[in-house]
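Chemist: Sequence order for the protein chains is A and B.
So for the first sequence, the numbering used here puts the first residue at 1; every next one is plus one.
So for the second sequence, the numbering used here puts the first residue at 1; every next one is plus one.
Hints are computed from structural coordinates only; laboratory data are not their basis.
From the three backbone atoms N, C-alpha and C, an ideal C-beta is built for every residue, glycine too.
Among the hints, erroneous ones may be present.
[Said to hold, decoys possible] Label-pair ranges, simulated between beta-carbon atoms:
no.: 1; chain 1: A; residue 1: E4; chain 2: B; residue 2: A625; range: 41 to 47 Å
no.: 2; chain 1: B; residue 1: A636; chain 2: A; residue 2: S239; range: 27 to 33 Å
no.: 3; chain 1: B; residue 1: A21; chain 2: A; residue 2: Q173; range: 42 to 48 Å
Letter by letter, the chains look like this.
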Amino acid sequence: MTTEPLLESSFIRKLDNLSILTRRAMAGDIQGERRSPRRGSSVEFADFRPYTSGDDIRQIDWNLYARAERFYLKLFVAEEELSVHLLVDTSASMDWGAPNKLQYAKRLAGAYGYIALSNLDRVSVSAFGAGPQAVPMPSVRGKRGAIPLFSFLQRLAPGKGGDLAKSCRTYMQTARTPGPLLLCSDLLDPGWKEALGALSSRPFEVTVMHVLAPQEIAPDLDGDFTLVDVEGGDPVEISADIGLIQRYREGLERWREEIESFCNGRGMSYLAVDTSVPVDEFVLSQMRRRGVLR
Amino acid sequence: MSLISPLALLGAAIVGPIIVAMYLLKLRREERPVSSTFLWRKMVRDVEANAPWQKLRRSLLLLLQLLLMLLLVLALARPFFQTQGISGRNLIIILDHSASMGAADEPTSRLEAAKAKATQLIDQLPDGGRATIIAAGGTMQVPAASTSDRRELRQAIGDIQLDNGGGSDLGQPLTLASALAAREEDSEVAIISDGNVSIPGDIRVPARVSYFPIGRDTENVAVSAISLQPGQNSQTLFVQVTNYGASAAARRLDIYLDGAIFNAYNLSLEPDAARGQSIVAEIPPQVRVVEARLDGADALAADDRAYAVSTLGDALNVRLISPGNRFLETGLALLPGIQVTKAISGTSTFTETATQIPVTIIDGRAPATLPPGNLLFIGPISSTDYFSVTGEIAFPSLRPIGGDDPILRNVSLSEVSVLKAARIVPGSWARVLVDSDGAPLLAVGERDGRRVAVLAFDLHNSDLPLQVAFPLLLSNLMSYLAPGSGAEASQLLPGQPLALQVDASVTEVRVTRPDGTLSSSRDGGVQIREGQAIYVDTDPLGVYTLEELRDGAVVASHRYAVNLFSPRESTIAAQRDLTVPQTSGAQSTISREREGRQELWRWLALAALVILVVEWLVYQRNGLAYLRQRWRQRRAAAR
Numbered sequence: 001m002t003t004e005p006l007l008e009s010s011f012i013r014k015l016d017n018l019s020i021l022t023r024r025a026m027a028g029d030i031q032g033e034r035r036s037p038r039r040g041s042s043v044e045f046a047d048f049r050p051y052t053s054g055d056d057i058r059q060i061d062w063n064l065y066a067r068a069e070r071f072y073l074k075l076f077v078a079e080e081e082l083s084v085h086l087l088v089d090t091s092a093s094m095d096w097g098a099p100n101k102l103q104y105a106k107r108l109a110g111a112y113g114y115i116a117l118s119n120l121d122r123v124s125v126s127a128f129g130a131g132p133q134a135v136p137m138p139s140v141r142g143k144r145g146a147i148p149l150f151s152f153l154q155r156l157a158p159g160k161g162g163d164l165a166k167s168c169r170t171y172m173q174t175a176r177t178p179g180p181l182l183l184c185s186d187l188l189d190p191g192w193k194e195a196l197g198a199l200s201s202r203p204f205e206v207t208v209m210h211v212l213a214p215q216e217i218a219p220d221l222d223g224d225f226t227l228v229d230v231e232g233g234d235p236v237e238i239s240a241d242i243g244l245i246q247r248y249r250e251g252l253e254r255w256r257e258e259i260e261s262f263c264n265g266r267g268m269s270y271l272a273v274d275t276s277v278p279v280d281e282f283v284l285s286q287m288r289r290r291g292v293l294r
Numbered sequence: 001m002s003l004i005s006p007l008a009l010l011g012a013a014i015v016g017p018i019i020v021a022m023y024l025l026k027l028r029r030e031e032r033p034v035s036s037t038f039l040w041r042k043m044v045r046d047v048e049a050n051a052p053w054q055k056l057r058r059s060l061l062l063l064l065q066l067l068l069m070l071l072l073v074l075a076l077a078r079p080f081f082q083t084q085g086i087s088g089r090n091l092i093i094i095l096d097h098s099a100s101m102g103a104a105d106e107p108t109s110r111l112e113a114a115k116a117k118a119t120q121l122i123d124q125l126p127d128g129g130r131a132t133i134i135a136a137g138g139t140m141q142v143p144a145a146s147t148s149d150r151r152e153l154r155q156a157i158g159d160i161q162l163d164n165g166g167g168s169d170l171g172q173p174l175t176l177a178s179a180l181a182a183r184e185e186d187s188e189v190a191i192i193s194d195g196n197v198s199i200p201g202d203i204r205v206p207a208r209v210s211y212f213p214i215g216r217d218t219e220n221v222a223v224s225a226i227s228l229q230p231g232q233n234s235q236t237l238f239v240q241v242t243n244y245g246a247s248a249a250a251r252r253l254d255i256y257l258d259g260a261i262f263n264a265y266n267l268s269l270e271p272d273a274a275r276g277q278s279i280v281a282e283i284p285p286q287v288r289v290v291e292a293r294l295d296g297a298d299a300l301a302a303d304d305r306a307y308a309v310s311t312l313g314d315a316l317n318v319r320l321i322s323p324g325n326r327f328l329e330t331g332l333a334l335l336p337g338i339q340v341t342k343a344i345s346g347t348s349t350f351t352e353t354a355t356q357i358p359v360t361i362i363d364g365r366a367p368a369t370l371p372p373g374n375l376l377f378i379g380p381i382s383s384t385d386y387f388s389v390t391g392e393i394a395f396p397s398l399r400p401i402g403g404d405d406p407i408l409r410n411v412s413l414s415e416v417s418v419l420k421a422a423r424i425v426p427g428s429w430a431r432v433l434v435d436s437d438g439a440p441l442l443a444v445g446e447r448d449g450r451r452v453a454v455l456a457f458d459l460h461n462s463d464l465p466l467q468v469a470f471p472l473l474l475s476n477l478m479s480y481l482a483p484g485s486g487a488e489a490s491q492l493l494p495g496q497p498l499a500l501q502v503d504a505s506v507t508e509v510r511v512t513r514p515d516g517t518l519s520s521s522r523d524g525g526v527q528i529r530e531g532q533a534i535y536v537d538t539d540p541l542g543v544y545t546l547e548e549l550r551d552g553a554v555v556a557s558h559r560y561a562v563n564l565f566s567p568r569e570s571t572i573a574a575q576r577d578l579t580v581p582q583t584s585g586a587q588s589t590i591s592r593e594r595e596g597r598q599e600l601w602r603w604l605a606l607a608a609l610v611i612l613v614v615e616w617l618v619y620q621r622n623g624l625a626y627l628r629q630r631w632r633q634r635r636a637a638a639r
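Take the sequences, apply the hints, and build the full model.
Modeler: Have a look at this one:
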């Protein structure tokens, strides 16, 4: 747990100019600043509808009545809040690497959450991984919510292991309002496919942040090692040489491509994250370029 | 295969477990925590498809190190093969390069096989061992003396050439070898030969002598003699063919006259080295060169051909200054090709030059001024420039001391009695051939560029003229005094110098060798000294033509035939054993099988070096793979 602030204030100021990009309108709970698929009261015209009894007569378009001598209701686009879901994988494998993957994931989630909050959206955070933070943070809204959000993220500690797929399934069952969903995980779990599949079961707009440390992307190993899994998996004995490392990298590349094509097939955004790239740079340039933020 | 120092193998028992233990310690792999073994597991699953190779590869370094250690330990143990060879540290190789070593019954020739054997012995030489190479047969050569430089030794062995002349006398080489062996401990003498050599019985070699016989074949037929005698109006050819082998042989003898075939004789030859089959033929007088050639092939080709040159018309002029000596006149008349010019005793002016009359026989009183040319004094009465007469000896007993001097060849003096002889004191030039209690009876020598022979007794005072020895002695003396003349003189043995009296007016002497190359007195190939032209390089067999030139024009031409007439060289059957008396008492020289040691440590060390390089490459395979990758990238970038 770090004592330094989760995000730099200068970085936060830059985040004020950004907003979360959604590909389609999403319904929210209460009025907000986002276009909703529902009709409601905004200044933006949406449609006309014949009047039926019981409708609010205040919505009748009198000008149209004058022309058509029938009652039509003038409908407007509803503007509601977005319900943004932040899912942070806190399994033991995330607490690894330099720069630390979990810390990186927290910052990413914090930045993304802050952007949502600054746009008057609702943000809820959940941590996966059998840690003490099994209890999710109650959702917050507005910039006021940034402080509990950051402190919640700050307090997230790595758990032990965890079944990613099961956590995802549970979250999908319990989450009330679909909205943009940011999953920060290293997906180093045999059940990654199941987990991502579960996320696509409801109309969330999922962005997968595949966080990997540089030590995982290009392991600096030479010699004979026993690789010990921090999550308690079976140790693996290797005799590392340049050929093996080469094969590992090829395997990793294939795996990433597999995930990406899996995500693309289910309408999810996939972003490969290398923790050696600073968070602000990643958020301000890469996420914008990939159309996650605007 | 055995080991010289088997204790070194203990090293393997000590070092081997250490290497294995270190490897096992190393095998306790360093533990490295990773975020997840998920990806690694996936990859290892792929890799395990070819698991056996992977397992081997993991212990490849261990295997290589153990192999390297084993090779080094084995090299330290110095394994060796027992071969026929030598064991001494100071090796003296006597390599026979006489004519019989030219036999082709071994691959290429016996000489090549002998050289290969000598090289093998050099290779067996222990470290720091030294060797001497003595080329025996013909003139003895020592191309490498007591050196440990193997390259020099191999070079010396490689440079040994066949020597047709000189026979195969091992006396001198063995004497030298004994002297060398006596100087150093742990010496060994190796004789590489076909065994057809003469070994003096009085020698004691102070070292072990090993004999390495070379040669397998025993069959050889040779032209053992050829002669062309001038007659009145024709020439008589005499050819003798001898079978020196062990079984009967049938060969055809072709006679060529001046290069054209004249006749062929089918001969069935019984194996008898002492008696050959002779052919006598009358041939036309104008024939200059006769070649006798045995058709077909046997092991030794050198003695299958022989040449004779015509001496018709080359009569030797001999001046006889004598008060009258019937014995001498008859004896001279018997010799072919001799023209006698008589001069009255007491003549003191001689107009003819030495070239016109090369030999003068002075019987009795010598003239006041000696004639030019070579001289034979018989029964001198008074002192001359060359010797002094100090008195008389009565009843001298003749004792030949000249050994096998050509002048005493076939001459038996044991039956000769002499009444009285002059007691002569010759100068230091003289070589005494027959002596009687310190007084020389026959002395020959060279002085002032002329050859001089002195027979101390008057022929009338002895029964020598009545003996068979007389014409032979006379003939031999004539051959000595008039070299390069007569039928005998036209036949030379290989290596025998070719000598001819030449006039002072001759400006150049040219020799055409059998292979057609020219040698001249201008380039130093022929030497002219004191009125004599000498050509020494007569080792190749065949016909030599010597031409005298005066201001570029040929004034005289002589032919000489060089033939290998040597029963010892023609007998090519290799001897299994040589009897060389050694100080140890041993006589036999059969080398024992276990004596030689062919050490292998060099090869083991070489293999260890190779393994070391491989081991290092395996250890550095990461770097190599990196380099290869870089190279590929660069090549891809360049494309």
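Chemist: With reference to the structure, classify each hint as holding or not holding.
Modeler: Comparing the hints with the structure gives:
Distance hint for A/E4 and B/A625: a CB-CB separation of about 42 Å, consistent with the stated range 41 to 47 Å. Take B/A636 and A/S239: their Cβ atoms lie about 28 Å apart, and the range 27 to 33 Å holds. B/A21 and A/Q173 have their C-beta atoms about 59 Å apart, which leaves the hinted 42 to 48 Å range violated.
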